[in-house]
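Starting from the known structure of chain P, arrange chain B on it as the hints suggest.
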Amino acid sequence: MIKNITNLGDAALYCDFGSEVNKEINLKVINYFKNLINNKIEGITNIVPSYNKIIITFDLSVTNFAKIKDKIQNIKLKDFEDEKNKKIKIPVCCDQKFVLDLNRLEEKINISVKQILENFFENEYFCYMTGFVAGMPFLGDLDKKLRTKRLETPRVRVPKGSVGLTEQFCNIYTFESPGGWNIIGNTPKKVFDKSNTLKPVLINPGDTVNFYQITKEEYDKWNE
Amino acid sequence: MINGMNKSFFEVLRAGINTTYQDLGRNNLYHFGIPFSGAMDRRNYLIANSLVDNQKNTSTIEFAYQGPSLKFNGEEAYISITGNINFNIVRKDFKQEKGICYQTYNLHNGDQIDILSTNKSVFGYLAVSGGFNTGLFWGSCSTNTKAKIGANNGEKLKNGDKIFILNSKKKKINHKINYTNSSIEYIRVIKGTNYDYFSENGKNIFFKNEFVVSKLSDRMGMRLEGPKIENIINTNIRSEGLIKGVIQIPADGNPIIMLSDHGTIGGYPKIAVVITADYDKLVQLTPGSKIKFKEVNLFEAEKLYKFYDMETQNIINQIR
Chain P
152 MIKNITNLGD AALYCDFGSE VNKEINLKVI NYFKNLINNK IEGITNIVPS YNKIIITFDL
212 SVTNFAKIKD KIQNIKLKDF EDEKNKKIKI PVCCDQKFVL DLNRLEEKIN ISVKQILENF
272 FENEYFCYMT GFVAGMPFLG DLDKKLRTKR LETPRVRVPK GSVGLTEQFC NIYTFESPGG
332 WNIIGNTPKK VFDKSNTLKP VLINPGDTVN FYQITKEEYD KWNE
Chain B
522 MINGMNKSFF EVLRAGINTT YQDLGRNNLY HFGIPFSGAM DRRNYLIANS LVDNQKNTST
582 IEFAYQGPSL KFNGEEAYIS ITGNINFNIV RKDFKQEKGI CYQTYNLHNG DQIDILSTNK
642 SVFGYLAVSG GFNTGLFWGS CSTNTKAKIG ANNGEKLKNG DKIFILNSKK KKINHKINYT
702 NSSIEYIRVI KGTNYDYFSE NGKNIFFKNE FVVSKLSDRM GMRLEGPKIE NIINTNIRSE
762 GLIKGVIQIP ADGNPIIMLS DHGTIGGYPK IAVVITADYD KLVQLTPGSK IKFKEVNLFE
822 AEKLYKFYDM ETQNIINQIR
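First to last, the protein sequences are chains P and B.
If you number the first sequence the way the numbering used here does, the last residue is 375 and the count never jumps.
If you number the second sequence the way the numbering used here does, the last residue is 841 and the count never jumps.
The following block holds chain P by itself, in its conformation from the complex (with noise of 0.2 Å):
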């Protein structure tokens, strides 16, 4: 299943699945995710998964990259693949205030806004992994229609909430930050929760997500 494990530094490893991006390849990464987590490592500090990889970080004064190595390749692995994933929906405002691309992106891949935005709300979205920023959901795929690169230049500040598009993918900003996707709209759903310690992030890799459009006024007065 893993094709290649190296050390990324002096401590942490990195397990290669292939080249190849789909579902098909994240739902093993996300299988394997859960298995080096339930079989709790000496020495383990993080796990992170991501389309076709795991980065695995490990206490240098307690374990080192041979004994980690060895222990993941003799790990036996459970099927999790079963275990229900959420299905969710995310409510979507795009108001002229939110669609901060939406006009360049009608000239950039030559379709109209009405249709960029018909097409993107009809289709289901996979969570390939979750991060960057707390919470924020790696979703895919787009539709081969809407797909286009990020900007050149990316923004100093994409506004917190901030739906955007780029390649295969689809994001959604759970803080203010830089970043160069295609804005297309703005959630006002609570995506990461510090408040709720055992489960921060509404969206988590292997989940599926709706997102439906709604008002300037419902964006208003949402409440959660």
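The hints are all genuine.
Here are a few chain B residues that face chain P, going by a calculated C-beta distance under 7 Å:
id : residue
1  : Tyr-551
2  : Ala-668
3  : Ile-764
4  : Tyr-826
Far from chain B, some chain P residues (derived; all Cβ distances over 12 Å):
id : residue
5  : Lys-229
6  : Ile-262
7  : Val-264
Note that these hints are calculated values from the structure, not bench results.
Note that beta-carbon positions come from the ideal geometry of N, C-alpha and C, so glycine has one too.
Relative to the frame of chain P, chain B by itself:
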């Protein structure tokens, strides 16, 4: 009232530039997008706590460049300051003592600590016997201002804040050690997973040339300026996990080193990773400092870490 809390506190007269609560950081949250955080210079953090007889994971105040000025309100407290720091202890009767790092000070009601600056370094630590009453957030007090996580609601300290102290034992503490932060000629690194994305010339530049630490450096990352490092494969990779110490080269060819509050996922090629043993020294490099990289292999890096760990332990054993 939280158990063990007493009424002693510090009043923040001047907050300083980037003053936060830090301990050893938090683990096992990367998959939520939450990084380690924690004290940037681990050794100086550990020494600060040892000097006031604290457990090693007790909350401290980390400051950068200009530190805070604090007035003590309470009966008595023991404090220590570590790093390479200019500071004064101003007694209640306005008698001023020039502060010396790596020793304990006994404070009484009305005494002030004025941390003026870090000398040829970035970070310093203030520990108080018993620790600060910060609360724990996923097992750590560490403030991450980017994600607004940790003590003080995820914010830097500001003027007028009150910093409460947890009950400390009444036993007299009087420790002092001789320790100087040594400088190093090189930052040692292990080749990264995308090392071959760079041209022969680019790799040569990376290991032979000097880089300068940019002003755009903070707890998240350190940006370097210098000759550009040429990428011959792709200036982006599929986004994947990051760890502290990773050196990424984005399209502009200037290295960025991930530090303790870094984003947990990134999409730039990784040319190298700073070894754990050199991390404390790396983070202390001020903007404008020159930096040179030297390659070591995993085996050497592990040995160097053992040495670093032993050395840290020896310093702490001197105190206990």
